[in-house]
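A.B. asks: Counting in our numbering, the sequence shown runs from 353 upward without gaps.
Check each hint, because a few of them may be wrong.
Said to hold, decoys possible - Restricting the straight-line Cα-Cα distance to at most 25 Å, the calculated cross-link-like pairs of lysine to any residue (SDA-like) are:
hint, residue 1, residue 2
1, K680, V627
2, K452, Q400
3, K592, V552
4, K568, G375
5, K503, P467
6, K561, K637
7, K617, L643
8, K471, D392
Calculated from the structure, these hints are not laboratory results.
Everything numeric in this text was worked out from a predicted model, so none of it was measured.
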Amino acid sequence: MLYLPFLCKKNIAYCTQLMENKGLISIIYPFSNMSSQMSDSVFSIANQDYKNIEVLFLHTSEYDFSLLNKMLTKFPHLNVRQLEYEKGINPLNFGIQHAKGEFVVFLAPEFILHPSRFKEQIEGLELNTNTQIITSKVDYQSNLEDSLKYKLFYDWQNEIITYEEHLHHRFIELPFSLRASLIRKDVFEEHGFFTNNPEVPEDYDLILKWLNNGVKVLKLDKYHTTLLDSKTRTRRNHRKYLQQNIDMVVLQHMAEWISENIDRKRKLVVFGSSVRERNKYVVLKQFGLQLEGFVQLKHIEIINHQSYTLEEVLKDKRFYILVLNNLKGIRRQMRFVLEEEGLEIYKDFILGS
């Protein structure tokens with residue numbers, strides 16, 4: 353039995369529409385320019401084993417959609433709507449508001465779907481009725497010279513499978529890809545929509561907000577989506593994905609989670625004192641955390657800040673440690689050391705990058 357949304361109890365019209373479109377997947381597909389990749393991407397939608405699909409192509413009024421119409425003649429059986437959105441609003445929110453489906457998917461031209469994706473993701477949600485998001489691994493492919501960092505990112509992301517691992521890693525980087533996910537539409541009404549701030553990486557903000565609110569995610573240990581990277585991909589080009597903007601969003605949500613879940617009597621300290629960690633220390637204080645200082649493997653004087661050795665911190669159960677190192681090996685080693693000493697992740701320390 354499929355999940356019955358919380359809002360059905362309060363919104364009869366919403367529930368009626370949902371039941372009429374039970375099982376329908378609304379694919380929200382904003383784009384600005386036609387490309388050969390887009391044709392391949394749309395073909396992968398039309399070639400899905402699961403057929404109860406609608407596609408919402410979103411573009412501004414400046415776009416000449418005759419090119420899109422020409423491409424769509426190749427897919428006459430695809431259920432398609434074309435919608436114009438105004439500049440200044442988030443097209444993803446616009447798409448959600450016009451989606452008729454029980455489920456929502458977000459796509460872009462660089463993403464190619466494997467034929468079984470929707471069928472297997474729907475089956476996964478039917479078996480896990482308390483899960484609101486189901487996702488899967490991403491096969492990253494690129495011939496671009498600077499692609500190594502993106503490949504390493506998706507390799508790391510693909511290692512994260514269980515819900516607990518998603519929670520543990522969410523302040524390091526995004527533990528799953530929004531474009532690889534199938535989402536129950538009612539989650540937006542209950543837990544919030546995308547930000548309309550164009551300077552904020554909206555997927556980071558949304559996913560962290562939802563995970564902090566207890567939204568359940570399940571990742572299938574399968575590759576259902578291929579990312580054919582390109583120089584025009586938004587993640588590569590938009591200023592909202594500059595590292596400092598990503599850091600600000602992640603630190604804001606981390607600070608909110610700590611403020612709401614960690615006893616104020618705990619003494620918050622940051623492990624390490626590199627320039628990067630000191631900068632994050634300042635930002636976290638700006639977001640309202642009362643930080644006590646830094647933790648070092650051995651005592652080092654830090655001007656205007658309290659410095660503790662790791663040995664001192666481990667002896668005092670009042671300390672709560674923020675591990676914000678961006679090196680994967682150091683984070684893993686620190687987690688191992690802290691857990692060997694009997695500390696528990698999230699209860700006694702938190703991982704970031």
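A.B. asks: All the hints need checking, so say for each whether the structure fits it.
C.D. replies: For each hint, the structure was consulted:
1. A C-alpha spacing of about 18 Å is found between K680 and V627, which places the hinted pair at or below 25 Å, so the restraint holds.
2. Between the alpha carbons of K452 and Q400 the distance comes to roughly 19 Å, so the proposed pair stays at or under 25 Å and holds.
3. This hinted pair checks out: K592 and V552 have alpha carbons roughly 5 Å apart, not beyond 25 Å.
4. Between K568 and G375 the alpha-carbon distance is near 19 Å, which keeps this suggested pair within the 25 Å criterion.
5. Proximity of K503 to P467 is assessed by CA-CA distance (about 23 Å); at most 25 Å being required, the pair is judged to hold.
6. Distance hint between K561 and K637 is fulfilled; the C-alpha atoms sit about 20 Å from each other, no more than 25 Å.
7. For the proposed pair K617 and L643, the alpha carbon gap of about 11 Å is at most 25 Å, so the pair holds.
8. At most 25 Å may separate the alpha-carbon atoms for a hinted pair to count; K471 and D392 meet this at roughly 20 Å.
In terms of the numbered hints stated before, the structure departs from none.
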